[in-house]
Amino acid sequence: MSVLLALAAAGLAGCGLYMILSRHVVRMVLGLSLLGTAVNLMLFQAGRVRTAQPPLIREGAVRLGESADPVPQALVLTAIVIGFALTVILAALALRAFRGEGTLRSDELRAARALGDPLAPEPGRDR
Amino acid sequence: MIGEALRAGVAVWPVVVPLAAAALALLLRGRPALQRGVMEGALALTLAAVAALLGRVAGGGRVVMAFGGWGAPVGITFVADALSALLATTAGMVALAVAIFARADVRARRRRAGFDPLFLGMLAAVNGAFLTGDLFNLYVWFELMLVTALGLLTLDRRPAQVDGALRYAAMSMTGATCMLLGIGLLYGVAGTLDMGDLSAALAGRPPSVAVTAASYLLLAGLALKAGVFPLFFWLPASYHTAPIGVAAALAGLLTKAAFYACLRVLVTVLGVGTAAAAVPGVPPLLALLAAATMLVSVLAAIAQVDVRRLLAFHVMGQVAYLVMGLSLATAAGAAAAVVYTVHTMLVQTGLFLGAGAIARAGRGYDLRLLGGLIREHPVFAALFAALALSISGIPPLSGFWAKALVVDAAFRSAAPWRGWLAAAALVTGFLTLYSMSTLWTRAFQRPRRREGGAAHRIPTAMVVAVGLMAACTVGLGVAIEPVVRISRVAAAELMAGPAQGGGAP
Numbered sequence: 001m002s003v004l005l006a007l008a009a010a011g012l013a014g015c016g017l018y019m020i021l022s023r024h025v026v027r028m029v030l031g032l033s034l035l036g037t038a039v040n041l042m043l044f045q046a047g048r049v050r051t052a053q054p055p056l057i058r059e060g061a062v063r064l065g066e067s068a069d070p071v072p073q074a075l076v077l078t079a080i081v082i083g084f085a086l087t088v089i090l091a092a093l094a095l096r097a098f099r100g101e102g103t104l105r106s107d108e109l110r111a112a113r114a115l116g117d118p119l120a121p122e123p124g125r126d127r
Numbered sequence: 001m002i003g004e005a006l007r008a009g010v011a012v013w014p015v016v017v018p019l020a021a022a023a024l025a026l027l028l029r030g031r032p033a034l035q036r037g038v039m040e041g042a043l044a045l046t047l048a049a050v051a052a053l054l055g056r057v058a059g060g061g062r063v064v065m066a067f068g069g070w071g072a073p074v075g076i077t078f079v080a081d082a083l084s085a086l087l088a089t090t091a092g093m094v095a096l097a098v099a100i101f102a103r104a105d106v107r108a109r110r111r112r113a114g115f116d117p118l119f120l121g122m123l124a125a126v127n128g129a130f131l132t133g134d135l136f137n138l139y140v141w142f143e144l145m146l147v148t149a150l151g152l153l154t155l156d157r158r159p160a161q162v163d164g165a166l167r168y169a170a171m172s173m174t175g176a177t178c179m180l181l182g183i184g185l186l187y188g189v190a191g192t193l194d195m196g197d198l199s200a201a202l203a204g205r206p207p208s209v210a211v212t213a214a215s216y217l218l219l220a221g222l223a224l225k226a227g228v229f230p231l232f233f234w235l236p237a238s239y240h241t242a243p244i245g246v247a248a249a250l251a252g253l254l255t256k257a258a259f260y261a262c263l264r265v266l267v268t269v270l271g272v273g274t275a276a277a278a279v280p281g282v283p284p285l286l287a288l289l290a291a292a293t294m295l296v297s298v299l300a301a302i303a304q305v306d307v308r309r310l311l312a313f314h315v316m317g318q319v320a321y322l323v324m325g326l327s328l329a330t331a332a333g334a335a336a337a338v339v340y341t342v343h344t345m346l347v348q349t350g351l352f353l354g355a356g357a358i359a360r361a362g363r364g365y366d367l368r369l370l371g372g373l374i375r376e377h378p379v380f381a382a383l384f385a386a387l388a389l390s391i392s393g394i395p396p397l398s399g400f401w402a403k404a405l406v407v408d409a410a411f412r413s414a415a416p417w418r419g420w421l422a423a424a425a426l427v428t429g430f431l432t433l434y435s436m437s438t439l440w441t442r443a444f445q446r447p448r449r450r451e452g453g454a455a456h457r458i459p460t461a462m463v464v465a466v467g468l469m470a471a472c473t474v475g476l477g478v479a480i481e482p483v484v485r486i487s488r489v490a491a492a493e494l495m496a497g498p499a500q501g502g503g504a505p
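Protein sequences appear in the order of chains U and V.
Going by our numbering, the first residue of the first sequence is number 1, and it counts up by one from there.
Going by our numbering, the first residue of the second sequence is number 1, and it counts up by one from there.
Any given hint could be a false lead.
[As the list claims (entries may be wrong)] Partial list, computed: chain V residues near chain U (C-beta under 10 Å): (1) A58; (2) R62; (3) A160; (4) T174.
Calculated from the structure, these hints are not laboratory results.
Idealized CB from N, CA, C, for every residue including glycine.
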């Protein structure tokens, strides 16, 4: 099971990295969320996937003993929420960029690069 | 009773106050004057809170706050020691200057777009990163920093800002994912996320693949966020597009928070530079990265004609000195890096704010068109000159002491490459001086290219904000001793490792 999950995480991370390197912004956004998913799988595995007692403490006991580790699930949940929020922001930025410049190829998005470009000819007064 | 409650939560007020005020400011959307009042009031309270915290821990020791009374292995703790309190106080000063500047620069439209809640949220996130004792919590604060920074960056919704924010977000998310992966791996090895406990659990362990991979992933993620070669290209691609007050806040706070996290993670958690280092090979790599960052960014800065772009490259050039101090793997190096962090937070912010004032007076950021501002604005020219000389390391300003301490620490360390590193630092210092004096001469001194238009007025708030930062750098230059003392305490605590670790109260 662990090996299977590890392979799945590795596969997802590989696909994610490949897509992040794409010049198309939407592919890059999808790649980032794939990479996030791969990391979430890794986090899940950090708690050792196995059959164990639920993380409930017996009356009078102070330690969890032989039970499941609840922390990775909390971590994964937090990471999913944060990843979702950031993906939404990134998608909104991409939409805005498309509306502004009419393209989503990162090499054709030139607005930031053109601002104060030292190689550009001397401009009029900019603000 | 109120006094008791105030004292009990002394470690969390610097986060709670701006966060609550951010929510309040968000509710007041559409009423810019009230929003500004909330923001400035919250800022004053935050400054008071961090100053109180610094007073408590400046001489050593720590304040620990466990949420809900749950101690370290189960709950999340906030730990304030000399390092966190010193940097949080500096962050408060930076935020104060930006808020003063914003009185003139951030008009009602930008306030309606959410400047105040986002700025307060960013301050809360930065303070949270400084104060948290939990590694995963640190990651969460970094994500909050990123989200608020993206909001601030795109305040005007110009195409260039959206484009810059897109590049910034993509790189930063990749870095954060690396960090998260590293944190997950460390948790898998050690079974805890509290930095003190992690440090105790990792110390003395033989180097393993998992810990090494986790360390280098964390290093990659944090180096990206700190703007270190070769992962710094997002910074000059985005900072120059931001509204200038926002750029000042980003330059003063974010990369430095990332460097603080580097110190915590590499030195406290992984024991780099102590006898119980859990991972091999970090100091030489850091030294190489520091030297490369310095030289590449200062050379790139010299080629710039836009004031904002020029300063953005210097942000990275200065971060490199911090990394250099860390790479020495000695207590003196870490202390020098902390002094340098305080200095560079103040000076970078001052320079960006000064750039905003220059643009206001000369109607633009293009150095080819600017000129002659000293005629109408002699006081502002002097203030900007103080900041420009400070970043270049000219005595008696704070930059001189910071650079002197870092280079001195380099020569005192046992690193075989110390001579090369110091040489790179000094060459970069000279090139920085060249770059800054060109900037100053072009903007202020040389005759104006286009006669006819006199320089425009600079609002008083802008001059006051720049003056505050200039006063800080002059003041620190005259009396650097207290900061050095606190930094030595902070470095000793960082290096103390597991003996002093354990976040539990």
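A quick look at each hint next to the structure:
1. A58: violated (33 Å)
2. R62: Violated, because the Cβ-Cβ distance from R62 (chain V) to chain U comes to roughly 24 Å (cut-off 10 Å).
3. A160: holds (4 Å)
4. T174: Check passed: Cβ of T174 (chain V) comes within 6 Å of chain U, closer than 10 Å.
Violated hints, listed in ascending order, are 1 and 2; each of the other numbered hints is respected by the structure.
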